[in-house]
Every structure is written in structure tokens, then in C-alpha cells.
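**Q** One-letter residues, chain by chain:
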Amino acid sequence: MSDASIPLSVRLKAQGLDGVTLLVLPAALLLLALFVYPFSYGFILSFRPKDGSWLGNYTKFFSDPFLHDTIKTTLAIALPVTIMNLLAAIPVAFRVRLMRHQRLITTVLVLPITLGTVLVAEGMLNYFGPQGWFIRTLTLLGLGSASSIKLVHNYWGVFLSLVITGFPFTFLLTLSYVSGIDVALENAAATLGARAAARFRLIFLPLLAPGLAITFCLSFVQAYSVFPSAVLLGAPAGPTRVISIAAYEAAFEQYDYSLASAIAMIMGFTQLAVVIVVLMSRNLFYRGPAAGAKG
Amino acid sequence: MALSDSFKTLRLDSIGRAFGAMQALHNFSLEIKRGEFIALLGPSGCGKSTALNCISGLLPTTSGSIWLDDKRIDTLAVEDRGFGMVFQNYALFPHMTVRANIGFGLKMRGVPKEAREKRVDEAIRTVRLESQAHKLPGQLSGGQQQRVAIARAIAIDPPLVLMDEPLSNLDAKLRLEMRQEIRRIHQSLGSVTIYVTHDQDEALSLADRIVVLRDGMIRQVGTPEELYKRPASLDVAAFMGFRNRLSGQNAQMVGQHDVRFSACGVALQGVAMAPNLSGSVVAAIRPDDLVPVAAGEGLAASVEAIEYRGHDYFGVARATDSTELFFRSTAPLATGLSIALGAEPSKILVYPGETP
Amino acid sequence: MTDTHADSHPRRSITLNATFAKLWVITIWTLLIFFVINLFGIIGAVLTSSFATRWLRSWMPDGLTFKWYFSAWSEFQLGDVLITTFQVVGAVVVLSGLIGVPAAYAMARREFPFKKLVMLIFLLPLLVPPVTYGIPLATVLYQTGFGGTLVGVILANLVPTVPFVILVMIPFVEQIDPRIESAARVFGAGTFRLFVTVLVPLLMPGVLAALLLVLVRTIAMFELTFLTAGPTSQTLVVALYYAVFAAGVRAVQSIDAMAVIYMVLTMIWLVIALRFVNPTQIVTRGKQARG
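In order, the protein sequences belong to chains A, B and C. For the first sequence, my numbering assigns the number 241 to the initial residue and increments by one for each residue that follows. For the second sequence, my numbering assigns the number 534 to the initial residue and increments by one for each residue that follows. For the third sequence, my numbering assigns the number 76 to the initial residue and increments by one for each residue that follows.
Keep in mind that the hints were calculated from the coordinates and are not lab data.
Result set (DSSO-like, lysine-lysine): computed pairs, CA atoms no more than 27 Å apart in a straight line: (1) Lys190/C with Lys253/A; (2) Lys253/A with Lys191/C; (3) Lys312/A with Lys290/A; (4) Lys668/B with Lys651/B; (5) Lys640/B with Lys651/B; (6) Lys566/B with Lys604/B.
With the rest of the complex left out, here is chain A:
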């Protein structure tokens, strides 16, 4: 058969384009319009500041300490929280994957994520406040008092709230990666004489490295964009003035959408930079496939 007369629809179908493929269009168009376009628009807008110059917003941001300090402040919250959550999640996930009550634990831990940062913030204002049950219990046990331990309206309030809503997220992700490692690998290592610590160091960590890197990135990105907690539980005027607050203020209090877009871009790029650094450094630890035992 000559192929000059193959109809267009058949040729397209060979390429994978037919009626079914078109089903992708609504979703793709929606996201192009509501995600890609605003981002590009914001990007361009950030280069058209009120003062007319091209880099006006960016110079304003990096010359005004009130603005550029937000990067430092946000990193000072997000990095320690993420590292701590990850370091806590690894051993816990390790153990929980072997437990029978796994589903109970994961269900309870999903609660803070579902309730969200706003509710947790409101609850923390009460519970961790100077009159709240937590401090009262500490006082009762002689471990401190309302005057010596302050957990709300400061750095620690924000830190704690990010631990409460962030640890479950980090833990659940880590658990799914840890569960993906074949138990037979651990058994094989044990029969060859490797004790628990050696098994962890030589078998688990290298195999977990890619997943842990991804978990770190996702958790960090979440923590870095902290917003309601920083306002409600922190001291948004100063010590916990995070970059999202700066962006919000520029947009909705100063009505300077151009500056707001610039700040949002800076926020995005900072997150991207950290993610790239983490993903590149994990290659230092481990080369090779992340898959399980059999090829």
C-alpha cells in the first residue's frame, strides 16, 4: 500500500494524537492560564517597577534591610526546622515501618496536616501560651515557668508550629521511601554479620539518599513559604518577618503589584537555589540506581 493516501487522522494517531489525547487540553490550558501565565506575567511585571527603571524592584529589595533581611529570617526558620524534622523522621519511620499499628500512627499524624496551619496556630496560642496547659505542666514539674520559657509570639512559636505541621509531612514521605526498601536486603546484611548500625549506614542510607533528598526539598519548600504561622504565632514586625509577609504587604497593603511580584520571584528563586544545592550534593553520597534488589 502506498502511504501517500494514509489519512491525516491515522498519521496523527501513529504519533499519539487522537481524540483521547485532546482530553489533556482543558487541564493543560487551565494551568497555562492560571499558573504559567501569572508566573511569567509576574516575572515581567517585576521588571517594570513604579520608579520606571528596569531593576528598580530588585535594587530596592536588596538595599532595604527591612526587605532583604526577610531572606535570612526565613532561612533561619526553614532550614533548622527542615533538618530537624528530617533527622527525627528517619529513625522514627525506620521503626514504624515494622510496627503493626502503622495505620493508627499515620492516621493520627495526618491530623495536623489536615487541620492546617491556621487552626494549629490558634490552638498553640492557647496551649503553649503563658497561661496554657503546657507551661503549667512544666511549672508543676519544676522544669520552667511562664517567665523563663516563652513559646508564642516569637521565633519559637513559628518554629514549633512548623514542626507540628511539618514533621508529619516529612515523616509520611520518609516512611513511604523507607518502606520501599526490600526487607530481604536487611536480612542479607544481617546474615553477613552487619549489626543494626552498620546496616543503617551501609545499606539503608545510600539507598534512601535520593528519597531523603526529595523529602528534604519538599519539606523545605513548605517551611520556607510559612505565612499564617509567622503572623499569628510570631512577631511579624521583626524577628519572624518572613519573605511571604513582605510579598503580601507589597501586594495588599502598598498595592505595589510589581514589587510584590519581584519578591515572589526572589522567593521562588531562593527555594530553587536550595533545592538545586541539595539535589547536587546528594550525588556526592550515592551513585547508581535507587531501585530495589532485582533488576
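Guided by the hints, dock chains B and C onto chain A, whose structure is given.
**A** Same frame as chain A, but now just chains B and C:
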């Protein structure tokens, strides 16, 4: 440090393993001499993998003890027993090269690098995998991964090698090849190999002695020949390929070893597998031993299906009491044909009891 | 079981291994229980406060009352807020299902040019946090006149949920053997009938799971709604934020009453969702299609 490798016997003493109320392994006792190849054979869920895991230490026993000569070893942690183990899905460390995988056990034992490299080379030579030494497991074929798993287990010079259905993931041709390899490696090592399988043929061809398990208990221990020709009980016989099981009545002993009985209205004679058989019995016959005979000299049956096997024909027939019979024929037979089937008395094994 | 023989090699017995393991388990459980106790403390504090007549400087409130719920209802116009929330959440669930499921089907069944690029577009909104893209999005919405309206809020919330539905559903569709569809066609089913009689029943559990998860996540979705809503298009979580933010003005107890209503709303749907999904799926976005 590895246990002494000049031991003489491995003794398993009434090992039991319970999971809550369920007894997965019960009263497992066995004495194994150095150099023996033992196969644990049985259907799924019979407890053979449980037994293997108890011996390796991956599963603690809930009763019984394990002795290497006069040293008790079941109280040792799995990391200290020094047994080599080959897992069903090989469990090779995917992020380590073949050499690193094989040398892992030696590294854990603190063997210095030079000595380690030499022993790894030796192990690689034994399994004939020299050209793949620097590859990652993901780059190897199934058969090659198998060899790495074996090399890894033997590199530590273990007094005992445990294998958990290592060939079940390979295709038929590779399986036959690897069978020979395993036998050869076992003989070159001269230590004990305990091999778990559900494949009767594998057990028969590889083992010095076979342990047949069912429902967590040992049903019979014997050489392949003993098990093939004289299975001790009906369920072992069924497992070993005695597909025909006839219910017989009016059994009467003839001498010390033989028994006469009637089945489907015909008088038959067979070997008594229990002393003083009488009354109801079950006769077990291999399909290959059951052949068409002259009318009146065997069980009356009608042919239901016939299959060409190249060398001969495999047939299915229905006896007068509706029992399905499997037999061998040198010529094709028409379906529906009435025939008589019989077997040599020495090939008919008679067991006590009702039909299974 | 610990009787051993004299031996010169320093070996560890099984019981010592088991003891270490037990200690470790106890430590883990302790940490988890500590976390959970504090979590319940937080929830409990809100709950207690919502029923408190007065609760200033004591362990427990002076007395209990229901009045704060009524006052919160009228103060915060909770009736209207709840209606808005249901409208937003309902629209988002339905729309993300209608848009996302067919897209997931196409992504699972077809290879086409630029497919990787399309996948990236679907992946990015789940990787970039809402605040980062929310600000530019809000800007655009306000400039096109959708800012501050119910439609605007719905559109904004679709950005993370459509990709979520797609990512959850792709493994589900891939699990269905395409030969089932071929078989249906061989027996004469046209595309529509194929869809209705074969695909929909097979996909239903996955779709249900995905939409329930979307529901739970949208109720709790703060940042996007916050940035795009006007005074009449706030969802409950945003109204709660404003109430807490302006906390000096109103009684804490009525804010907490509102918080409890929010909690109950979220919990109801979480409990329903958990009957169909593994808790992990709320978080891992369908990366692990495990039951």
C-alpha cells in the same frame, strides 16, 4: 568471627516456631553431618522457609535448640552465626558492585583488605563470574545475579550454606544449568548445604537426604531413592508424584511385606507401607507405572483423555467407582474405550485408611 | 533461654539484640506519644476554650456554656461563610474531577510529542508552594476583574487540585489493563459506551479517593483563598485567620468556637476519606499507589 569450620555435626533439636496461636514449625529435629546436602521439600506453607529462617537466626525459635557439635548456637544473634544465606530474590545490594557485594561479609568480619580481595577473587572464580566483577547488580541477568548471591554467601567460608528456593525465579533451561552449578559448588566447599524447595525434581537431583515437611512437621526423612520408591505416608506419596490413589477394601496381609486387597471389584496385590494392614486401605500408584493390561487382569475403566508426550502417551481414565486414574500407554487410545489398567505389585504402595 | 556455654569470642546473644530493639521501640513510642499528647493538647485547648464561660488564669475554665457558638455564628456570619465554603469546595471538587480525570486518562494511555513538557506543567503546581505562585496569580486575577470574587477563589484553588487529581489518577488508569478496553471495542462498544460501562466503574474507587482528598485539602487550603478572596468570598479557614488576627477585638472563646466548627468540618471529611484511602496518600500525592 566465624565459627569453627571443622565441625562434624549440625544438630537441630525439637525446633518449634509459633506465631501467636499458630504453630508454623513443630518438633523439627534433624542431625546433619558435615558435607551433606539436605533438601527441605514441601508445598507452600509447610514450614520449610520458617525452618530455614530459624536456623539462620532471622527468626528466633520459640522452642528447641540448635547445636554445632557441642556448641549451642540458637542463642546467638543472626549476625554472629556466620552462616551463608542465598535468598529467593537474591537480595543483592543494588548500590554496590559485584565485588563489594561479595566482600561485604568479609568486611563485616574485619578481614584486612588484601586478604579480602583474594577471597573475593576466589569466590568469583568458583561461580565463574570473572567478567562481571565490577558491574552493579542491576546490570546483570537473573542467572548472573544468582551466582553473585551464591558467591556472597560462600565468600565468608561458612560452615553452613542456606538456600531459600534460589532457582524459582529462573527459566527452565537456566534452572537446570544452575542446579549442576550448585551441586558442584557444594562439593568443592565440603560443608553443609540446606536447600529449601517445593520442586520435587530439584530435591531428588541435588540432595543427599530429603526432609519432607507438611503443616510444620517432618513427615519423612530419607535419601532421594527412599523417598521416590518408598514414601512413608500417603501425603508424602501424593507429593512425590503418586497421583493415583485408589480406595481398597478387605485388605489381608500376605507374608510380612505384601498385602492383598480388592478395588473396583478386582483383586490386587501391593506392598504394605504399614504393618498389619487390614480392612480399608488406599493404594498409591505412579501414573508411569499404571499401564493397560488384558481385560479382567486389572481395574476396569473408560478412557477420558489421551495426550501425546513424544516418547509415550499420558492418559486419564475413569474407574467404575468414579476414581480418576492417570496412566501411561505406548499407543493412542480412543476416548470412551473400555480398558483394564494394572501395575506390578512392587509398584503399588498400600497405605492404611480411608480415601484422602 | 539465656543459658550459654563458655566461649571466648565476644558474641552477642539473641536476647541482647532483642533488648536493644525493645529499648529502641520504647524510645520511638515515647517520642510519638509525646508528640500526640501535645497535639491533642492543642486541639483540646481550643475545644475547651470554646465552651468556657471565663478562662483567664486557671487550669480549667470557670464554667461551661454554649453561648459562644451562637455569638460566633452571628458575629462572624458563619452561615454565609459556610455557604461560601461549600460552594467553593463543591465547585473545586467537581471541576477538578471533570478536568483532571480525562487528562489523567489521556496521560496514561497516550504517548505524544511534548508529553514530558505537559507532565512538567502538571507537576509544578504541586512542587511550588501556594504563596509563591499565589501572589502573581492574585495579581492577574485582580487585573482581570476576578479578584475578590467567588469565581476567582474557585479558579485559584483549581491550580493545585487539578494536578493533584491527575497525579493520583494516572497510576489508577495504568493499572487497568488496556486490553479490557480493546476487548470492549471488539465486542462493539463505541467510545461513550466504553467510558460509561467499562471505565467509570473501574475508575470509581480511584476517583472517589482523589476527590475526597481534594475536598479535605481545599477546606484547609489557606494561602490561595486568602490571597484571592474578597469579604464575601472567604472560606471558613480564611475567616478564622482574620478572626485570630484581630483577636484583641473579639472574645477568644467565640474565635475558638469558630475554630471548633472548622475542625469538625475538616474531621468529618477526613474520617470519610480515610475509609477509602491510606492516610499517606493525603501527603504523597499518589506517588505510592498503595492501598
